[in-house]
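*Asks:* Below, each chain spelled out in residue letters.
Protein chains: 2
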Amino acid sequence: MPLPPPRDFSELFERVGPHMAALDGFMRREVEHFEPEIRDMAAYCLDTSGKRLRPTMVFVSGWQGEGVVSDDLVRAAGVVEMVHLATLVHDDIMDRAEIRRSRRTAAREFGPDAAVLLGDALFSQALHIASQFPTTEVCRLVSESTRKVCSGEIMQTLRRRDINISLAEYRRMIDLKTAELFRVSCFLGARLSGHDPAFAQAADRFGHHLGIAYQIYDDLVDFVGEEKRIGKTLGTDLATGKLTLPLMLLLERVSADERAVMVAALRGGHPLGLSASKQRMQELGIAGGVVRAIDEELAVAREALAPFTRLTPVPLMLQLGEMLQKQVGALSATTVSP
Amino acid sequence: MPLPPPRDFSELFERVGPHMAALDGFMRREVEHFEPEIRDMAAYCLDTSGKRLRPTMVFVSGWQGEGVVSDDLVRAAGVVEMVHLATLVHDDIMDRAEIRRSRRTAAREFGPDAAVLLGDALFSQALHIASQFPTTEVCRLVSESTRKVCSGEIMQTLRRRDINISLAEYRRMIDLKTAELFRVSCFLGARLSGHDPAFAQAADRFGHHLGIAYQIYDDLVDFVGEEKRIGKTLGTDLATGKLTLPLMLLLERVSADERAVMVAALRGGHPLGLSASKQRMQELGIAGGVVRAIDEELAVAREALAPFTRLTPVPLMLQLGEMLQKQVGALSATTVSP
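Heads up: the protein sequence lines correspond to chains V and E, in order. The letter at position 77 of the first sequence is residue 77 when you use the working numbering, and the numbering goes up by one with no holes. One rule links them: number in the working numbering = place in the second sequence (from 1) + 1000.
Please keep in mind that the hints were generated in silico from the structure rather than gathered at the bench. Positions of the beta carbon are idealized from the N, C-alpha and C atoms, including for glycine. Errors might be hidden in some of the hints.
Here are some chain V residues pointing at chain E (derived, C-beta under 10 Å) [said to hold, decoys possible]:
| # | residue |
| --- | --- |
| 1 | His33 |
| 2 | Glu35 |
| 3 | Leu118 |
| 4 | His128 |
Quick partial rundown of chain V residues pointing at chain E, CB under 8 Å, derived from the structure [as the list claims (entries may be wrong)]:
| # | residue |
| --- | --- |
| 5 | Glu37 |
| 6 | Ala114 |
| 7 | Asp120 |
| 8 | Leu127 |
| 9 | Phe133 |
| 10 | Thr146 |
| 11 | Cys150 |
| 12 | Ile154 |
| 13 | Met155 |
| 14 | Leu158 |
| 15 | Leu176 |
Calculated from the model, a selection of chain V residues having no Cβ within reach of chain E, i.e. all distances over 10 Å [said to hold, decoys possible]:
| # | residue |
| --- | --- |
| 16 | Arg101 |
| 17 | Gln282 |
| 18 | Arg310 |
Make a model of the complete structure from these sequences and hints.
*Replies:* In structure tokens form, the structure reads like this:
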């Protein structure tokens, strides 16, 4: 008899606990594969304090029942997490971020030059783990995903301080930079567990839309989150002139005069004050519009799984969506004007 | 009847000409696989004006006879060249180099932030090509090599302005950052052409020592080369306080007083004048010692091939070594004091 779906997130995390413990062990052993001279630096980046969203997606999408921890899933989770950590190391160089997961970023700790190369070493090792599967499929999927993630990041970097970004362009950028790796995580989980190929496709679609929803949420956090609670430097999008959905909606809603001041500030590189922007967002109820966009994506993600509700992984996958929805709710409760 | 070994380098290059033409076509098609938004940037980095040393090594080590162009060799050459170009993109950020192959570096052209990500996209695509082989072997070898290349670069970066680097440490750094990819290029060429496994091991050893020789040569060029002829910013090792063999030998040979001045300059970040250092190198005959170190490596490389002189690739491989020896000779002729 399969267990009933988890009632809440702590139950969900309890279920994947044995997988996460296996992943911890796997990552610790991986550190040993780096050259002795850079091992401590690699260990610093591979710390286990992150949210491990992508591994969770691998484990949940490939769920085979209580207590079944598959080596393939743990390895795949290691690959996607290491790719993700590598992108964080490089992102933090670009964003001049000092804090990540409540401690210094690699760029701050080792200097930006070493951080460029350290990110490269993490990317390489991730692909090296991917090459330990019997076929080239994981290498092929993960290397392509990684290229797309980087392409999305390049587009966003090149268009900093560009206020003429359309909603379609914003969507394309977050699709590449975030949804891509969410997508491949869910696909790999489903695929490596030998579930019906049609379900692997559905998991792919679920991961894609969950990823878009998550990135929009993350963009909202950058405006309205509390740094101490989130554990990373916030307001970086505003500071670096990155046009995200909250800012796009804010620019649409303010008066022409106010917009002109904001556009000049964004273009000229004088950062808009975070607290002033935050206040205007609250006054104009911007978070409400952002939350609606997230809800739409989560609905599409759920729909993708509708034909497969009887499969073991699905209740857990749906919980992942709900988890995000609750986080969004908690964040917007304090910021959406009534 | 196999053709006689090439008499000179133009004959060597003529022989691999059809392979290079195939590689050009391959790389042009690869550009199309990048996202449309970053395609021009990728094309800029994948330009065909480089020396293509690593592809030459793949082609020569896998030589199967005049006119035989194998798709596998072209693909493997594409992989190692793309990894190499990615490392150049990142190296140029770190060295603050403005010119490479007689034109602007990617960092100068697109900005350092975009260049970080562009290098990442090139790395990813290289591994994606590697995943198109029937087995995971190429992915496995290339991803591991890439990690080692990055590790070597990290060590060198972290130890800039450190004058307490031993010869063994210098050797380990160039072993990782340069010899590793030379090694894997020669191994893959021999291996993919179905030559005797013992020969693939010999090709591996040959490539390793050729790589060390080449890096020592390159470090000498950085001091005594002519920028216009070489087509890249020179003197960067001195400017960034990177201790390489020429500088190590120079520090050994100067008087204690002179050494103290040089050490203070290197440590303090005030660059030593390139022309003054160049002159002291000439006066003290430093290039002679550097050339001897190169010769020793080339001798070991040649010896590795000794049991296989009757195999088709070997005469061409030996020519590669001779080509480097002639370049070293031409460089030192103008700089070694009599």
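*Asks:* Could you check the structure against the hints above and give me the numbers of any it violates, in ascending order?
*Replies:* none
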